[in-house]
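With the hints as constraints, model all of the structure from the sequences given.
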Amino acid sequence: MRRLIFLAPLLLLAVVVAGFALGLRRDPSLLPSTLIGKPLPRFSLPPVDPKAPGLATADMIGGGPRLLNVFGSWCVSCRYEHPVLMALKSQGVAIDGLDWRDTRADATRFLAAEGNPYERIGDDEAGHAVIDLGVAAAPETFVVDRQGRVRYKQVGPITPEVWTATIAPLMARLKSE
Amino acid sequence: MKRLIAPFLAVLALAGPALAVLPSEQLSNPKLEARARKIGAELRCLVCQNETIDESEAPLAGDLRVLLRQRLLAGDSDQQAIAYIVARYGHFVLLKPPFEADTLILWLGPFLVLVLGGLGVAAMTRTRATPDMQPPPSLTPEEEAALARRLEADRVS
Numbered sequence: 080m081r082r083l084i085f086l087a088p089l090l091l092l093a094v095v096v097a098g099f100a101l102g103l104r105r106d107p108s109l110l111p112s113t114l115i116g117k118p119l120p121r122f123s124l125p126p127v128d129p130k131a132p133g134l135a136t137a138d139m140i141g142g143g144p145r146l147l148n149v150f151g152s153w154c155v156s157c158r159y160e161h162p163v164l165m166a167l168k169s170q171g172v173a174i175d176g177l178d179w180r181d182t183r184a185d186a187t188r189f190l191a192a193e194g195n196p197y198e199r200i201g202d203d204e205a206g207h208a209v210i211d212l213g214v215a216a217a218p219e220t221f222v223v224d225r226q227g228r229v230r231y232k233q234v235g236p237i238t239p240e241v242w243t244a245t246i247a248p249l250m251a252r253l254k255s256e
Numbered sequence: 185m186k187r188l189i190a191p192f193l194a195v196l197a198l199a200g201p202a203l204a205v206l207p208s209e210q211l212s213n214p215k216l217e218a219r220a221r222k223i224g225a226e227l228r229c230l231v232c233q234n235e236t237i238d239e240s241e242a243p244l245a246g247d248l249r250v251l252l253r254q255r256l257l258a259g260d261s262d263q264q265a266i267a268y269i270v271a272r273y274g275h276f277v278l279l280k281p282p283f284e285a286d287t288l289i290l291w292l293g294p295f296l297v298l299v300l301g302g303l304g305v306a307a308m309t310r311t312r313a314t315p316d317m318q319p320p321p322s323l324t325p326e327e328e329a330a331l332a333r334r335l336e337a338d339r340v341s
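First to last, the protein sequences are chains R and W.
The first sequence begins at 80 in our numbering and counts up by one.
The second sequence begins at 185 in our numbering and counts up by one.
In case anyone wonders, no lab produced these hints; they're calculated from the structure.
Being a predicted model, the structure only gives us computed values, none of them experimental.
Cβ coordinates follow ideal geometry from the N, Cα and C atoms, glycine included.
Where hints are given, some of them may not hold.
Okay, the calculated beta carbon distance ranges per label pair [as the list claims (entries may be wrong)]: (1) W/Phe276 x R/Val96: 21 to 31 Å; (2) R/Ser169 x W/Pro281: 36 to 46 Å; (3) W/Pro319 x R/Leu103: 52 to 62 Å; (4) R/Ile84 x W/Pro319: 45 to 55 Å.
Below, a sample of chain R positions facing chain W; criterion: calculated Cβ distance under 8 Å [said to hold, decoys possible]: (5) Thr113; (6) Ile115; (7) Gly133; (8) Ala215.
What follows is the structure, encoded as structure tokens:
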């Protein structure tokens, strides 16, 4: 029995190793959104393309589950995510865009070259709406339900894996809500 | 050499973190600006996560500095301005985390380790000390006799 105390440091080491093994796998840049379950913050943004509609909070309420995608033509991960958004658009997923800290010329060129998956785009050049949304880095995507509440936030690009595993089931659930 | 130490320490004392607060962002009211600096030093930049928003060059940190100053100009107290940003980004933006249920282990963990360590040290010293604390067994009559002979022999020689 006495001898067992010599195992204590080894046991402690095992606990610490287990802690690190779990802890180091977690991405510290993934922050939980404070908005989950809460209504989308109010904003009303001008369009990127003067002929197209801008984006206000009211536009996102009532239409069933929608995605709100924060992007910028300067954002590399957004370019990586873009083909996925285009594919979702062709599947009939409603996506609105929030163009962050961008110039209209750059955004227009980006969308003309890569395609435009958004129904509406708000131009948040000053970055105020993005701060109200608690966005740290583009791309981030909010799933907004019919009542205009935020139900999920995807930090980083939506990959096909993330879509099929997480967002698509949630969207299906919200549709029947 | 000794003469160099004092000026060296004085210069070292002047060294502070390099701040990214741009002149165009600063408020003309020095009191408000001082408050903004104090708050800014407590808020984490969400992009470069171990820098304060005052130290970070990230555009988002700049936007947050401007927003913070707008809140102060609008008449917010320090607490209100901090709450405004916490409401958007969560407690993670606070470099000094609040004392709450989910931060208990953070605040009390070190004391827990200290107590556990103290208990360990106490247990060890107790087990080591016990044999020494017992009075030595008294000598047997044969040993007493042997000792007396030795002492006698020493005295004679």
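CB-CB spacing for proline 319 of chain W and isoleucine 84 of chain R relative to the 45 to 55 Å hint | violated (27 Å)
Using 8 Å as the Cβ threshold, decide whether alanine 215 of chain R counts as touching chain W.
-> holds (4 Å)
Does the Cβ distance between phenylalanine 276 of chain W and valine 96 of chain R fall inside 21 to 31 Å?
-> holds (26 Å)
Is it true that the C-beta distance of serine 169 of chain R to proline 281 of chain W lies inside 36 to 46 Å, as the hint says?
-> Once the Cβ atoms are compared, 45 Å apart, the range 36 to 46 Å for proline 281 of chain W and serine 169 of chain R holds.
So, glycine 133 of chain R near chain W? Judge it on the closest CB pair being under 8 Å.
-> violated (20 Å)
Regarding the hint that isoleucine 115 of chain R lies at the interface with chain W, is the smallest CB-CB distance below 8 Å?
-> violated (11 Å)
Would the hint on threonine 113 of chain R stand, with a C-beta cut-off of 8 Å toward chain W?
-> holds (5 Å)
Honestly, do proline 319 of chain W and leucine 103 of chain R meet the 52 to 62 Å range at C-beta?
-> Given range 52 to 62 Å: holds, Cβ gap about 55 Å.
The structure is inconsistent with the numbered hints 4, 6 and 7, although it conforms to all the rest.
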